[in-house]
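Chemist: One letter stands for each residue in the lines below.
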Amino acid sequence: GAVVSQHPSRVICKSGTSVKIECRSLDFQATTMFWYRQFPKKSLMLMATSNEGSKATYEQGVEKDKFLINHASLTLSTLTVTSAHPEDSSFYICSAIVSWATNEKLFFGSGTQLSVL
Amino acid sequence: QQPVQSPQAVILREGEDAVINCSSSKALYSVHWYRQKHGEAPVFLMILLKGGEQKGHDKISASFNEKKQQSSLYLTASQLSYSGTYFCGTPGGGADGLTFGKGTHLIIQP
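Protein chains in written order, with this note's numbering: chain A, 1 to 117; chain B, 1001 to 1110.
Bound-form chain B, shown alone:
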């Protein structure tokens, strides 16, 4: 079952914050976050496994709610390099294959 991402697209000015949400109707084993720039392969950002977990590095962090049905990705003081499409992925496709949400397009303007 494909996770639901929101919003579909965000346009920010450099330095502003963004939140991207990923939700499922069922409890998830884990949530992966990836960023993909145009024409490039997705790049792993982080994985969350435990309900209530929060983790991050630099100014990108994520949370996983207690029921493990929703995860949010937080981009703080956004930089131009943050532009791209963000995907959340959840197990359920094939043998450990991830099913990805439709993606959130993030555009950072100077």
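Bound conformation, chain A alone:
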């Protein structure tokens, strides 16, 4: 089945540094990928929709200059948290949509736990 690989699984960084998270679709092409953020014991909050070859679509309240998304190929989307601060600490999960007939489902990456000191 379809697999989405996310890397790194965990990152600890100092405040003010930038962190890049990669999301790859391993055996299928994903023209659209989604980035979610999840706080402990909370729901997944959609941050942005990553579109291959074009600009990402950000949800209301998400700073596009802080969370840079690049979808340069059909199998890779990256999320860069720029000038990270402790409040950016969270679990970030990417996902890709697979559609068949009138059905569709999301395959999620394994997530990245970001801790900003």
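Any given hint could turn out to be false.
In silico DSBU-like pairs for lysine-lysine, Cα to Cα no more than 30 Å straight-line [said to hold, decoys possible]:
id, chain 1, residue 1, chain 2, residue 2
1, A, LYS105, B, LYS1067
2, A, LYS42, B, LYS1067
3, A, LYS42, A, LYS66
4, B, LYS1055, A, LYS20
5, B, LYS1037, B, LYS1055
6, A, LYS55, B, LYS1102
7, A, LYS42, B, LYS1050
8, A, LYS14, A, LYS105
9, B, LYS1050, B, LYS1026
10, A, LYS42, B, LYS1059
11, A, LYS105, A, LYS42
12, A, LYS64, B, LYS1102
13, B, LYS1026, A, LYS105
Hint data in this document are derived by calculation from the structure and do not stem from the laboratory.
With chain A's structure known, arrange chain B on it following the hints.
Modeler: For chain B alone, kept in the frame of chain A given last:
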């Protein structure tokens, strides 16, 4: 608009049944159900598209009411492996992105 899930948490003994509800004030195009275990990514369970639809596999099934404003997930004869947080997701966030409910924490005790 975030769908509303209930209950927030359920504690069951192995073998008992559970029902998790997901509702919206507007008719939905579809409802997705996912299960997430602690520290792991969510895993797709099923999608419902049609009003009145019911589907399932093994002892996990779901329904979508005729008005397409409410879906329920049924866990029958629960097993320890069913423990986790269940999320319903509905389209409406971004381009096909799902908006998820707050989740229902399910704890199965031996």
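Chemist: Please write out, lowest number first, the hints stated earlier that are contradicted by the structure.
Modeler: 4 and 8
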